[in-house]
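S.K.: Those protein sequences? They're chains L and R, same order as listed. Here the first sequence is numbered in UniProt numbering, starting from 1 and rising by one per residue. Here the second sequence is numbered in UniProt numbering, starting from 1 and rising by one per residue.
No wet-lab data here; the hints were simulated from the structure. All residues carry an ideal CB built from backbone N, CA and C; glycine is no exception. Warning: the hint list may mix true and false statements.
Below 25 Å or equal to it, Euclidean Cα-Cα: the simulated SDA-like pairs (lysine to any residue) are [to be verified]:
hint, chain 1, residue 1, chain 2, residue 2
1, R, K250, R, E27
2, R, K386, L, W192
3, R, K386, L, I185
4, R, K429, L, V213
5, R, K139, R, V153
6, R, K372, L, S190
7, R, K139, R, F196
8, R, K386, L, A203
9, R, K429, L, N212
10, R, K386, L, N212
11, R, K82, L, T114
12, R, K372, L, M123
13, R, K372, L, A203
14, R, K281, L, A203
15, R, K281, L, M123
16, R, K139, R, L128
17, R, K372, L, N212
18, R, K372, L, V121
19, R, K250, L, Y184
20, R, K372, L, T114
21, R, K386, L, Y184
22, R, K372, L, Y218
23, R, K372, L, I185
24, R, K372, L, I181
25, R, K372, L, R215
26, R, K281, L, R122
27, R, K372, L, Y184
28, R, K386, L, I181
29, R, K386, L, S190
30, R, K386, L, F186
Chain L regions said to be covered by chain R (calculated; three or more residues, Cβ under 8 Å) [stated by the list, open to error]:
hint, region
31, 194 to 200
32, 209 to 223
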Amino acid sequence: MSTEAIPAERPKRNYNALFGLTLLALLVLLWVILSVATPSFASANNISNLLRQGSMIAILAVGQTFVIITGGIDLSVGAVVGFATVIVAMLINAGVPIFLAILITLLVGVAIGTFHGFGIVRMGLPPFIITLATLTSLRGIGLLMTNGNSISINNDAFQLFSRSSFLGIPNLFWMVILVGIPAYIFLHHSRWGRYLFSVGSNAEASRLSGVNVQRTIYMAYTLSGLCAAFVGVLLASRIGIGNPTQAEGWELQAIASSVIGGTSLFGAVGSVHGPLLGAFILATINNGANLLNVNAFWQRIITGVLIIVIVYFDGLRRRGK
Amino acid sequence: MTSTAQELHPAPTLEPGRTILELKGLEKRYPGTHALKPVNLAFKASEIHAIVGENGAGKSTLIKLLTGVMPRTSGDVIWEGKPAALATPHEAMALGINAVHQEVVLCRHLTVAANMFLGEEDSRFGILQQRAMVREAQKIIDDLGFDLPAHVVLGDLTIGQQQLIAAARATVRGTKFLIFDEPTAYLTRKEADQLFTLIRRLKGEGVTIIYISHRMEEVFELADRVSVLRDGTLVGTRNIAETNDAELVKMMINRSIEQVYHKEHFTPGATLLEARNLSGKGFENVSMTVRAGEIVGLYGLIGAGRSEFVTTLYGRHRKSAGQILWEGKAVQVNSEHDAIRLGMALAPESRRDQGLCLNLPVGLNLNLPIYKRISSNLLISSAQEKTEADRQIANLRIKTPTRNALASSLSGGNQQKIVIGKWLAHGAKLFIFDEPTVGVDVGTKAEIYRLFSALLSNGAGIILISSYLPEVYELADTLHVFRRGKLVATHGFHTADHEEILTQALAEKQEKPGGQI
Numbered sequence: 001m002s003t004e005a006i007p008a009e010r011p012k013r014n015y016n017a018l019f020g021l022t023l024l025a026l027l028v029l030l031w032v033i034l035s036v037a038t039p040s041f042a043s044a045n046n047i048s049n050l051l052r053q054g055s056m057i058a059i060l061a062v063g064q065t066f067v068i069i070t071g072g073i074d075l076s077v078g079a080v081v082g083f084a085t086v087i088v089a090m091l092i093n094a095g096v097p098i099f100l101a102i103l104i105t106l107l108v109g110v111a112i113g114t115f116h117g118f119g120i121v122r123m124g125l126p127p128f129i130i131t132l133a134t135l136t137s138l139r140g141i142g143l144l145m146t147n148g149n150s151i152s153i154n155n156d157a158f159q160l161f162s163r164s165s166f167l168g169i170p171n172l173f174w175m176v177i178l179v180g181i182p183a184y185i186f187l188h189h190s191r192w193g194r195y196l197f198s199v200g201s202n203a204e205a206s207r208l209s210g211v212n213v214q215r216t217i218y219m220a221y222t223l224s225g226l227c228a229a230f231v232g233v234l235l236a237s238r239i240g241i242g243n244p245t246q247a248e249g250w251e252l253q254a255i256a257s258s259v260i261g262g263t264s265l266f267g268a269v270g271s272v273h274g275p276l277l278g279a280f281i282l283a284t285i286n287n288g289a290n291l292l293n294v295n296a297f298w299q300r301i302i303t304g305v306l307i308i309v310i311v312y313f314d315g316l317r318r319r320g321k
Numbered sequence: 001m002t003s004t005a006q007e008l009h010p011a012p013t014l015e016p017g018r019t020i021l022e023l024k025g026l027e028k029r030y031p032g033t034h035a036l037k038p039v040n041l042a043f044k045a046s047e048i049h050a051i052v053g054e055n056g057a058g059k060s061t062l063i064k065l066l067t068g069v070m071p072r073t074s075g076d077v078i079w080e081g082k083p084a085a086l087a088t089p090h091e092a093m094a095l096g097i098n099a100v101h102q103e104v105v106l107c108r109h110l111t112v113a114a115n116m117f118l119g120e121e122d123s124r125f126g127i128l129q130q131r132a133m134v135r136e137a138q139k140i141i142d143d144l145g146f147d148l149p150a151h152v153v154l155g156d157l158t159i160g161q162q163q164l165i166a167a168a169r170a171t172v173r174g175t176k177f178l179i180f181d182e183p184t185a186y187l188t189r190k191e192a193d194q195l196f197t198l199i200r201r202l203k204g205e206g207v208t209i210i211y212i213s214h215r216m217e218e219v220f221e222l223a224d225r226v227s228v229l230r231d232g233t234l235v236g237t238r239n240i241a242e243t244n245d246a247e248l249v250k251m252m253i254n255r256s257i258e259q260v261y262h263k264e265h266f267t268p269g270a271t272l273l274e275a276r277n278l279s280g281k282g283f284e285n286v287s288m289t290v291r292a293g294e295i296v297g298l299y300g301l302i303g304a305g306r307s308e309f310v311t312t313l314y315g316r317h318r319k320s321a322g323q324i325l326w327e328g329k330a331v332q333v334n335s336e337h338d339a340i341r342l343g344m345a346l347a348p349e350s351r352r353d354q355g356l357c358l359n360l361p362v363g364l365n366l367n368l369p370i371y372k373r374i375s376s377n378l379l380i381s382s383a384q385e386k387t388e389a390d391r392q393i394a395n396l397r398i399k400t401p402t403r404n405a406l407a408s409s410l411s412g413g414n415q416q417k418i419v420i421g422k423w424l425a426h427g428a429k430l431f432i433f434d435e436p437t438v439g440v441d442v443g444t445k446a447e448i449y450r451l452f453s454a455l456l457s458n459g460a461g462i463i464l465i466s467s468y469l470p471e472v473y474e475l476a477d478t479l480h481v482f483r484r485g486k487l488v489a490t491h492g493f494h495t496a497d498h499e500e501i502l503t504q505a506l507a508e509k510q511e512k513p514g515g516q517i
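Same shape as in the complex, but just chain L:
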């Protein structure tokens, strides 16, 4: 007598792609409006500038997304960027070959991420706490190392990189592609990516299914640290100095980009293309607001409102209303 009542479930298959398209449409819409509203927006110069502005946050947001998918958060990424500018600047000024200097800086990022994994897995600290602690201490360590001064990088080739373009597209944006494609394959086409989702969804069920939960958490934070250190290298190249107080607040921009891109702070929901689009939407708003002479204070308010609106509508749709 008991009949199996299967709710007629609408297929949610292409939800991610659909949401991505919506974001892309929003981005294009912003571009069209700004092109009409200001003469300078559509200029090649401004577009390159915009791509440069968005690129670094975009890469940070990708690393951040890996962490958020596991149900965690990485507040340290801004500080890691600043710290990495110091490391790479010191190494280059000490005569270390650029390639090696970059590699070492990236390894420092990996080490910081591994430390976060250690704090979470072994010491049982909440991700919020351990990454908040490194956020403040890394800035301190950087200031100690530099005595609070900026280090000018004496290497023109290193700085030239971030100012140059390839095929008319700024090198910094190529770096987004360089990070984005492997990140996409990793997240959506490797078992490690699947494990990130499963741990974020239900760590206990994953564990009982034979997933190495601890290793998965280490991996997420290591990748976030790696992305942040890489952004630090790019930033050092762009501004030509190493300074531990750089990239103040970038962690929040990275989290905002990720969330605008459809990542759920509860874990298990996210993509690579979403945060990338999110980062460029934020960059476009800032860029456009500058061109329209909107007070810089307003830009922050607009960003805040945008986060609320986008996440609210995303949540509505997810609940299937």
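Assemble chain R onto chain L, guided by the hints.
M.R.: Relative to chain L, chain R alone:
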């Protein structure tokens, strides 16, 4: 504001013996299950009415309906002569219906007094009268004869003491109808005695008590009348003086066993797993073997240590003593990973908490244990991922629109099929099923049992944990009975009857001949 001692003694509006609450055709259906079939029952003012029945008999559903936690499907509830909607917990409480749950649902970080008055705090001009509340709470606790301080943080008390506080809390709220849901599960005998004193006293003050318990001796010690539920049906109500445990047990289990238990007997093969004097958190000194081709059933009440035992076998928890042998060799199982590598698979007790990634697709859930196999180096073969998922969906007849639907969108039975199905492609030798048919409809149950046979015929062994006696009774080749962390009895297939097994799992007194504690 109720911080006066008088309110401890609620004034009943009805003299004893009159009907206070009447159920007329009360019924509850969930998608896929008929949890409570139309029940007609009248509770009298100031009686202690025990309700007994096996797990899944409909007791918790009844409580949920009476306390307004869930809406009923049909039927009427007549409260003091007037129909009551009981749509929200608030409405139930306003009428004077309260429940003390098995698990304490209070704020562990607040003080005892703060918990007692939670939601009804005494405040003057918006300032909490903390000392007055502690004094008041202490007065109530002393008055009830509990030797407990009111100013300490609730979490510092034992679970049993917290239970007493929960009971005391219910009494200060003008309660006329109080439901106790297996309140003594975590209590010591002394605490239980204190609770019984409280219950008798409430009865004396005109409160109607519904007492739900697995323990027959408590029912006979406390209750005036007893009702038996079985498979969502009210089997009958007896005056306690006119019945005995034998009759009650018979009423509890004498069901029409539908032809769902698909059982094939295979000749047992080699020993797969042996536990020798294994001890760990929640169980001690358990020894058993599992052979290929046999189902080893573990029966007992919830909390008897069966789940703890199998999760320890599976490496989720550390053993404190004893040995595990796999195919005759002593092994260390330090993690789930070790267990899976040996060839064990566990379908855990709680789908929601342990079994499924609910907000992820069905396909991902099914493939989770085998991603290593279906990916070459780093990349997943998406063709294989599709094939494997679709194969399990087809084989197990999982009703889902596509493999990309979220696991949360499926019904309980289909979710359970995922929990089981994810191990089928993996190819384990020993399958541990912990309560595999809880919240699963009859049709799916039968499918799951047929699946057991298929696994056995392929040479696998099965450990089946169930709190539902007919299930283990009809399926297990060897049946072990657990009580309070110990393996207290072992039976072959149908070598003991239901009464004997149930008594071994429930009662203290029957074991005197055996000499166990």
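S.K.: For every hint, state whether the structure bears it out.
M.R.: Tested hints:
no.: 1; hint: K250/R <-> E27/R; result: holds, 24 Å
no.: 2; hint: K386/R <-> W192/L; result: holds, 18 Å
no.: 3; hint: K386/R <-> I185/L; result: holds, 17 Å
no.: 4; hint: K429/R <-> V213/L; result: holds, 24 Å
no.: 5; hint: K139/R <-> V153/R; result: holds, 17 Å
no.: 6; hint: K372/R <-> S190/L; result: holds, 10 Å
no.: 7; hint: K139/R <-> F196/R; result: holds, 19 Å
no.: 8; hint: K386/R <-> A203/L; result: holds, 24 Å
no.: 9; hint: K429/R <-> N212/L; result: holds, 21 Å
no.: 10; hint: K386/R <-> N212/L; result: holds, 23 Å
no.: 11; hint: K82/R <-> T114/L; result: violated, 65 Å
no.: 12; hint: K372/R <-> M123/L; result: violated, 29 Å
no.: 13; hint: K372/R <-> A203/L; result: holds, 18 Å
no.: 14; hint: K281/R <-> A203/L; result: holds, 21 Å
no.: 15; hint: K281/R <-> M123/L; result: holds, 23 Å
no.: 16; hint: K139/R <-> L128/R; result: holds, 18 Å
no.: 17; hint: K372/R <-> N212/L; result: holds, 12 Å
no.: 18; hint: K372/R <-> V121/L; result: holds, 23 Å
no.: 19; hint: K250/R <-> Y184/L; result: violated, 62 Å
no.: 20; hint: K372/R <-> T114/L; result: holds, 24 Å
no.: 21; hint: K386/R <-> Y184/L; result: holds, 19 Å
no.: 22; hint: K372/R <-> Y218/L; result: holds, 19 Å
no.: 23; hint: K372/R <-> I185/L; result: holds, 16 Å
no.: 24; hint: K372/R <-> I181/L; result: holds, 22 Å
no.: 25; hint: K372/R <-> R215/L; result: holds, 15 Å
no.: 26; hint: K281/R <-> R122/L; result: holds, 22 Å
no.: 27; hint: K372/R <-> Y184/L; result: holds, 19 Å
no.: 28; hint: K386/R <-> I181/L; result: holds, 23 Å
no.: 29; hint: K386/R <-> S190/L; result: holds, 14 Å
no.: 30; hint: K386/R <-> F186/L; result: holds, 18 Å
no.: 31; hint: 194 to 200; result: holds (count 4)
no.: 32; hint: 209 to 223; result: holds (count 4)
Comparing the model with each earlier hint shows violations of hints 11, 12, 19; every other hint is respected.
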